[in-house]
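> Chains as they are written, first to last, in UniProt numbering: chain B, 1 to 215; chain H, 1 to 414.
Think of the hints as simulated: they come from the structure by calculation, not from any bench. Cβ coordinates follow ideal geometry from the N, Cα and C atoms, glycine included. Keep in mind that the hints are not guaranteed to be accurate.
Stated by the list, open to error - Stretch by stretch, here's where chain H covers chain B in the computed footprint (C-beta under 8 Å, at least three residues): (1) 75-88; (2) 116-124; (3) 134-146; (4) 150-158.
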Amino acid sequence: MNRYLPLSILALAILAFATLMLVIAPGMQIDARSVPAGLRDYTEAQQRGRDVYVAMGCVYCHSQQPRSPDQAPDGERGWGRPSVASDYVFDAPHQLGTMRTGPDLLNVGARLPSEDWHLTHLYQPRAIFDWSIMPAYPFLFEHKQQAETDDTIVILPPAYAPEDGVVVAGPDALDLVAYLQALDRTYPTPTDGLRDDGYASGPSADASSVEEGDG
Amino acid sequence: MFGRNRKHDQPRPDENFEPYEEFSGIPMPVYWIAIALAIWGALMLYDTGKDVTLAQDDRVEDRAVQVSADLGEGGNLFVANCSTCHQPDGQGLRGAVPPLAGSEVLGGGPDIVARILLRGIDGPIRVRGEDFDGHMPSFASALNDDEIARIASYVTLTFSEAGTKLDPSRVAKLRDELADAGSFEGGAELAKLATSMSPQPLYPVPKMADAMTATVRDLVFVGRGDVWACASCHGDLGQGGENTPRLAGQSADYLAKQLNDFRDGTRNNESMQIVAAGLSDAETASLGTYFSTLRAPSNASPNLSADLARGEQLALRGDWALGVPACFTCHGSSGFGVAPDFPALSAQHAPYTATQLATWAGGDRQNSPLGLMRQISQALSSEDRRAVADYLASLPPVPAGQTASAEEATSNVN
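Isolated chain B (complex conformation) (with noise of 0.2 Å):
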């Protein structure tokens, strides 16, 4: 090793030329972009929602980052328009995820905007839905003989109602659909809306690449 100077010189400059493009770059493209006008920061109970969110994995089954037209019909689906950067501002750390074992969520709370129906869903989601392979989170209600004023009782079919009392929802459920609810991003794109766009073809050209959307 008679060298090392220069190969020492060379490793950094490939470092914080990698650091420069990579992270200071996209950093800075980033920041720039402004608040959306139609987008609010959460609120404290949102904000505890996400963090039940985060901690139950709903990320192993849902993603936050419905596609262009030109990628998935996630549009048609109701999942909304495709999620530009500017979008996750108020999100740390993000929940974009990678698997869709279960519908995208970042517009959940413009189609299912009722808290009772998640409610249902989640301390059961085959009292709606059958066939459904979502986990059910039974212990995030309580079950009670009575329920008591401010209680919120969950409404279900008698085939999952409990044979005496009621189920009633726990602060980390309500807080939990507090944030579902709150998962709206179909205010228009911003101007500066920030995305990788290099899937666009011509409205014709694609015409038939667009597959029918399943579910």
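Fit chain H to the known structure of chain B by using the hints.
Positioned in the frame of chain B, the structure of chain H alone reads:
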């Protein structure tokens, strides 16, 4: 490897020898590969650069709903938004839609047209000596300030002598002022603004539909023991969102039929089947009536980034090469529906419309009478389904009570 193989003939290695690499030039093929990679990279960048511009143009287009004709921008907007009812030549439809050409209302200038577009008109109006009693929808949620200003200028310049250009900032001011003004109460209220108008018929005291019984209110806003409240999904005003449909202003009989179909299992949707399971015929009927009387501004937008011009063509003229009739021949002018059987489609959320067309084509929804919608949906490509769904989402919502006059309007069109 690539280097020339020089053989040194050394009998025994020198003990102080430090191994070093001999200089051997980089072989030519490596240069070629490197250059080829660089060219390929540059080409790829250029190529996606084109895609990016395309996508961005697309987004800009999505914002401004326009069609291709050469009437200037105001004219294009007029053709896209007004001509289905008022006709391209502004002559209206006898007995259903008043003419714009020569109308006394336009004597008030573009300002009054902008007010009409922001508020809509209900009740009787007399234009060129003839009485009309229809509903002019509000375009406040469907068009932006700039578009309203352009249309108002175009309409007055083309169809009257009182034409001037209107500034978008004036529309913005009017929009604030008139935010909760509701529709104009017929020609009587308009005449206060436009002195050019002849004496107008009186506005009748509106009759409230009495569908809001206690049971219906509970079903809509509270829910029953084992079903969720309608409003929790469809919204307080029945406006819906994404793939939860808009119900406000929809034909009452159509809504009741759908609820019965969910209940009887002839239409599939897990959530709605649970909701409808416990409803009696009387309840589905009064729920239908209740939602048909609701008014809600449009919250739908053409968000499937499809070709709006193609969507407009399908809706207005159909595509005979595919055997698809114009949607509006059945669904009424402007897609406002024709009670009792043909539902309104205007201002419906694009993902919902596209999904319904896809489920008909795929055979999952089978409850359309005589299989009418199945044939039509199957003839459309998925691109066409998105296009027509986007176009319908860009239209203004049905004003409640519109269905009767839409019926007259269509029988006139055809």
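> For each hint, tell me whether it holds in the structure or not.
Evaluated hints:
Residue count for the region 75-88 of chain B with a Cβ under 8 Å from a Cβ of chain H: 7. That meets the three needed, and the coverage hint holds. With 3 residues bearing a CB less than 8 Å from a CB of chain H, the region 116-124 of chain B meets the requirement of three and the coverage assertion stands. Counting residues of the region 134-146 of chain B whose beta carbon lies closer than 8 Å to any beta carbon of chain H gives 0, which falls short of the minimum of three for the stated coverage. Here's how the region 150-158 of chain B fares: 4 of its residues keep a CB closer than 8 Å to some CB of chain H, so the rule of at least three is met and the hint holds.
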